Structures are given as structure tokens and as C-alpha cells.
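For this one, chain A is given, so just place chain B on it according to the hints.
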Amino acid sequence: MSSKSQAAQAGQALWAKMPKANAELFALTYGSLVTELVRDYEDPIEVNAQLDRIGYSIGVRCVDEFLSKADVAGMGLTTQCQNLRDTAEVVAKMGFKMFLGIQAEVGAFSQDQRCFSIYLQDNPLSTFVELPEDDPSGGEDLRRLKYSNLYCGVIRGALEQVNLKVDCNIVRDTLKGDELNEIRVELKEVLADGAGDDYKEE
Amino acid sequence: MSLSALAIVGRHRTPFYMRDFTIDADNLSSFGIYGQGGLSEAEFFGDHFGIADDEALEKTSSAWPCNLHHQFLLQAACDQLEEALREGRWRPNGSGADACWVGSVMTSDNYKAFAYVTTNVRYISLIEDEIASDNPQVLKSHDNDLKNLFANIHRLYTDHLLNPFASPNSKITSKRFDLGVIHLADKFNGR
Numbered sequence: 001m002s003s004k005s006q007a008a009q010a011g012q013a014l015w016a017k018m019p020k021a022n023a024e025l026f027a028l029t030y031g032s033l034v035t036e037l038v039r040d041y042e043d044p045i046e047v048n049a050q051l052d053r054i055g056y057s058i059g060v061r062c063v064d065e066f067l068s069k070a071d072v073a074g075m076g077l078t079t080q081c082q083n084l085r086d087t088a089e090v091v092a093k094m095g096f097k098m099f100l101g102i103q104a105e106v107g108a109f110s111q112d113q114r115c116f117s118i119y120l121q122d123n124p125l126s127t128f129v130e131l132p133e134d135d136p137s138g139g140e141d142l143r144r145l146k147y148s149n150l151y152c153g154v155i156r157g158a159l160e161q162v163n164l165k166v167d168c169n170i171v172r173d174t175l176k177g178d179e180l181n182e183i184r185v186e187l188k189e190v191l192a193d194g195a196g197d198d199y200k201e202e
Numbered sequence: 001m002s003l004s005a006l007a008i009v010g011r012h013r014t015p016f017y018m019r020d021f022t023i024d025a026d027n028l029s030s031f032g033i034y035g036q037g038g039l040s041e042a043e044f045f046g047d048h049f050g051i052a053d054d055e056a057l058e059k060t061s062s063a064w065p066c067n068l069h070h071q072f073l074l075q076a077a078c079d080q081l082e083e084a085l086r087e088g089r090w091r092p093n094g095s096g097a098d099a100c101w102v103g104s105v106m107t108s109d110n111y112k113a114f115a116y117v118t119t120n121v122r123y124i125s126l127i128e129d130e131i132a133s134d135n136p137q138v139l140k141s142h143d144n145d146l147k148n149l150f151a152n153i154h155r156l157y158t159d160h161l162l163n164p165f166a167s168p169n170s171k172i173t174s175k176r177f178d179l180g181v182i183h184l185a186d187k188f189n190g191r
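Heads up: the protein sequence lines correspond to chains A and B, in order. Read in order, the letters of the first sequence correspond to residues 1 to 202 in the working numbering. Read in order, the letters of the second sequence correspond to residues 1 to 191 in the working numbering.
Hints are not guaranteed to be accurate.
[What the hints assert, rightly or not] From chain B, some residues computed to sit far from chain A (all C-beta separations above 12 Å):
1. 65
2. 79
3. 86
4. 99
5. 103
6. 107
[What the hints assert, rightly or not] With a straight-line Cα cutoff of 20 Å, these simulated DMTMM-like cross-link-like pairs (lysine to aspartate or glutamate) come out:
7. 175(B) <-> 133(A)
8. 17(A) <-> 65(A)
9. 176(A) <-> 178(B)
10. 171(B) <-> 179(A)
11. 171(B) <-> 130(A)
12. 175(B) <-> 65(A)
13. 175(B) <-> 112(A)
[As the list claims (entries may be wrong)] Just a sample of chain B residues kept apart from chain A, beta carbon distances all over 10 Å, derived:
14. 72
15. 82
16. 91
17. 106
18. 136
19. 151
20. 159
21. 186
It should be emphasised that the hints constitute simulated quantities derived from the structure, not laboratory data. Predicted model only: the values in this text are computed from it and were never measured. Ideal placement from N, C-alpha and C gives every residue a C-beta, glycine not left out.
With the rest of the complex left out, here is chain A (with noise of 0.2 Å):
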């Protein structure tokens, strides 16, 4: 299809124009982050949820740098995505491939074509990443901790401020013993553009 290979394409392009940084320092920081929540919320659940909600915050913040840098990549708002397919390649192809450097695939896609799954081969992440065994004096199981839940935070914000209000979950990963990462992101409903309650029309 024409679209993939385009979002292919632009996405080694604006990859080419980032500025790039140290991707062991990249994984360190991550990862500190990680144990240190680990730390002091103790329940892997609680965890996952404040990784959510830091991707979110990313998200939020990443996708109009992403907007703006794509539009010059000839993906603008000229070109919209006019299906959730096309949504789904651009975050993949694009999205991934401009800040991670990494090539994600999509698929899986459901009949109503409302969900669909990214695949991630290698995770810069979890880079030397080891997820320690079940601790036998009866700590947390850290087995239920998603480490890469960042990223569903990262496209459920990022969708958000284009008006797609979605779900992710990590269902496969690498660091359990998976031979990929597989995020599963479902289309819950598409917002329309609206000021809010609060405004009110004289």
C-alpha cells in the first residue's frame, strides 16, 4: 500500500533530522525510574499505572512536536489519516521510528477495525533489563510488572490530542519471555472537537 511505504519513508526521514542521545544513558534513566516506583509504590498494578500516566504526559507533549515535524516530512494535515489503519502505520512507522529509532509493525487488526497491535522486535528500553525471579521471602511479584507500560501512555496520550480516546495494554513481552513486544491499542470512541461544558455559547 502506498500510505505504508510513505510513513516508512517519512518516518526515516524525520529520524535522520532528530537529535539523537546515548541509548545506554537513555536505557539507565529509564530504568532507575522504574525501580525507583518500584520502590515506592511496592504493587507492580500501582506501577503500571504511574508509567501510564508519565507515557501520558509524554504523549501529550510528544505528538505536536511530531505534528509539526511531519508536516514538513510531507505527512500534514493535508494528508489525514482517513482510517484507523492509516492512524495505526503513521504511530508505527512514523511515530516510533522518529523518537525511538526502531522499526515497529502493525497488525492484528480486528473485524470492526476499532483495534489493532503494534509489534516491537527490540525494545531500547529494556536493554540489559532482567526482571528479577519471585523474591521467596515473599515480596511483590515484580512478574506482573509491565516495564514498557510507557508506551501505552505514550499513544493513549498522544492519540487523545488528536481525538482518539483509546485503550493499551502491553500483552506480550520480551523481558517474560516473548518473542516480541506486542501493545494492543483499541479505539474506544472519537471525540469531537468541542470547547467543553464550561464554555457556553452567548
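Quick look at chain B alone, frame taken from chain A:
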């Protein structure tokens, strides 16, 4: 020449990792407890851990996949190394793996203990040497092999430290590290 056991010790004699590499070790589960004599390990190594709580003491000292005899030799070698470093009998010279290489610190029975020090950790290995040789070339290649082994273990250790869930001052419980060390030991022992 074969590697029998390895210990990784921190700065204040706190052990991070101790493992056997003898053929019997393969038959038993990785972190099982080996047969003991009358004296429990907890009492035997009591003062090295300095932990008041008996339960914690028992748990930490019985968790090493290394039989008592080797543990004893490793601890003795560690003492010798400590003394040598404290008295300043050894200074790092050369670069890279050469700089960290201490050499033989102790000989006992068939075993020779070699040490390798890096900033935070000391590596002590027990080598079982069937044939003693005075030929300097053989000794040199022997040393070089060991230096490479230690350098590789050091690399594994730094990789392990990069895991955010690993604390630099606690026991190494990473399966990945353990498997990596076993693999290196098997290669070294020619198995």
C-alpha cells in the same frame, strides 16, 4: 588445568557470588544445598557476614551453589588477597586485563587460587592443576588464558550491573549471569 570454583567478593569481604564447576555440580540443582557435616554453614561462616539475625544468616550462607571444601579454600584465598592488597605488595601495572591481574594468591592440595581485582570487586578462582610445569612459556599461556577468563567474567558482571533491578551491593541472583558464567567455565574446562 580446570576451573573448579569461582568467587566474586565485594570490597568489605561481602560475597556476591560463589559457584562450583565440578562435574558433580551439574547433577544437582543450581541453588540447592550440598551435604553438610555436623557443623551448619551458618555457624561456620558466622562472623564473615556480621548479621545478627540467625534466620537471615542461615538463608544467606546456605544459598551458595558451592561445596564447603571449595568455599573454605575460596575464603582462605580471599584472606590472602586482602592481606596482599593491604600491605601494598601488589600494584596495578600494564593496561586492560593485565592491570587487574593479581596472579596466584594461594596454593593448597591440588588447587591454586588466582585473583583478579577491579574497582569494586575481586574475583577469586580455584584452579585444579594436575600437571605442574616450570616451563615459563606454558605458565605464561596459562596466565593469559586465565586473564581472558577473568576479563570475560568481568564483562558479564558489568552487564549484570546495568540491570536496573540489580543492586551493586547485594548477592548476584541473575539467572542470565549464572548461565553466562557456567558457559564460560565449560569453555575454559574444554567441555
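Here's how the hints hold up against the structure:
no.	hint	result
1	65	holds, 15 Å
2	79	holds, 30 Å
3	86	holds, 34 Å
4	99	holds, 23 Å
5	103	holds, 32 Å
6	107	holds, 37 Å
7	175(B) <-> 133(A)	holds, 9 Å
8	17(A) <-> 65(A)	holds, 13 Å
9	176(A) <-> 178(B)	holds, 18 Å
10	171(B) <-> 179(A)	violated, 29 Å
11	171(B) <-> 130(A)	holds, 15 Å
12	175(B) <-> 65(A)	violated, 41 Å
13	175(B) <-> 112(A)	violated, 43 Å
14	72	holds, 26 Å
15	82	holds, 30 Å
16	91	holds, 31 Å
17	106	holds, 34 Å
18	136	holds, 41 Å
19	151	holds, 19 Å
20	159	violated, 7 Å
21	186	holds, 21 Å
When each numbered hint is compared with the structure, violations occur for hints 10, 12, 13, 20.
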